[in-house]
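Asks: Fit chain B to the supplied structure of chain A, relying on the hints for placement.
Here are the chains, one letter per residue:
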Amino acid sequence: MNWLAQQLDNLAWMAHGGAVYVFAAMAIVCALAVVFTHNVVRMAFWLILCLAATAGLFFSLNADFVGAAQLLIYVGGTLVLLIFGVMLTASGPFLQMRTKPGEMVLGGVVGLALLGLLLSSALAVRWGERSPVLASEVVGAGFNPVAEGNTTRELGLKFLGASSRDLKTGRGELSAGYLLPFEIVSVHLLVVLIGAAYLARTKRRKQPADSSGDSRSAALSA
Amino acid sequence: MNPELSTAAPADLNLYLFVAAVLFVSGIVCMATKRNGIGVLMGVELVLNGANLNFIAFGRFTKLGIDGHVLSLFVIVLAAAEAAIALAIALNFYNNHLSIDVDRADSLSG
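So the sequences go chain by chain: A and B. Just so we're aligned, residue 9 is where the first sequence starts under the numbering used here, counting upward by one. Just so we're aligned, residue 509 is where the second sequence starts under the numbering used here, counting upward by one.
Please note that a few of the clues may not be correct.
No farther apart than 20 Å at their CA atoms in a straight line, the calculated lysine to aspartate or glutamate pairs in the EDC-like style are these [said to hold, decoys possible]:
#1 Lys571/B <-> Asp72/A
#2 Lys108/A <-> Asp609/B
#3 Lys571/B <-> Asp520/B
#4 Lys108/A <-> Asp611/B
#5 Lys108/A <-> Asp614/B
If you're looking for bench data, these hints aren't it; they were derived computationally from the structure.
Just chain A, with the same shape it has in the complex (with noise of 0.2 Å):
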């Protein structure tokens, strides 16, 4: 019986090694057809792709909290929003706006260039050796979520301006939290809240100068 439980483990493990991939790929690709697909409605879905597969990438990073969040605001509220744009803006159900091939190229060679940068410097340092001494340090100084399950005690102590390794050594003393961040953001949000009520209300829509564009008229007519 003991037996069988730790050959779950292990299968259980061996699936997780795999979903790393699996994610890992499956964000790289959306993340490449977002840049590549014209219509704009494609494009959110693969955008809608690319960060669920992160999430899961989250997931797999013991982020549980994180992971949810990402779910539930990005996937569930950010790109809701962002499909209300497009629907919003479309001037005609099949609207493409083409890059100029000439742009499109000059992009991508600007983007391999900065690819090339990014991964050979974060890639010549030689994580491997120093990733297990600094784990053990972690696992050492009180955060181990593997053991632990979760991370949302952690993150809500965190921020009221504590950590749990603090009130287990019970020194009285608490290191720097994240309560002021916490607030400024809340207030953030509030008057992002006002700004975009403002911003987005329905005014009185202006005459266009020239009748030049091709979508304006589609859009004056409908």
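Replies: Showing chain B alone in chain A's frame:
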């Protein structure tokens, strides 16, 4: 779960750095080449996601720890706020120009 398995990472940090770099560059290229304003916003979302993935990965593999999670939560919240404001601006732009093509926004060019 075995104790020796629980401390081992399923994948290297390099994998996450690679994915994050690809997401970042895809977002940059998306911002630079799309003519649709909503497409530019989607590029911004991709860039922020690449940065978030780096925060979480470094929080897992280095001493950054739970602080990386806190920072990525701030990034997620600010990205939602940015999307709301930018979409309001895009709607205003569409009301004024009857198009979402960002190349039309040349009223200030001399």
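Asks: Taking only the CA atoms, is the gap from Lys571/B to Asp72/A under or equal to 20 Å?
Replies: OK: Lys571/B and Asp72/A at ~18 Å, within 20 Å.
Asks: Please verify whether Lys108/A and Asp614/B have alpha carbons no more than 20 Å apart.
Replies: holds, 18 Å
Asks: Within 20 Å, alpha carbon to alpha carbon, are Lys108/A and Asp609/B?
Replies: holds, 13 Å
Asks: Hinted pair, alpha-carbon criterion (20 Å max): Lys108/A, Asp611/B. Please report holds or violated.
Replies: holds, 12 Å
Asks: Keeping to a limit of 20 Å between CA atoms, is the pair of Lys571/B and Asp520/B held or broken?
Replies: holds, 16 Å
Violated hints are absent here; each numbered hint is respected by the structure.
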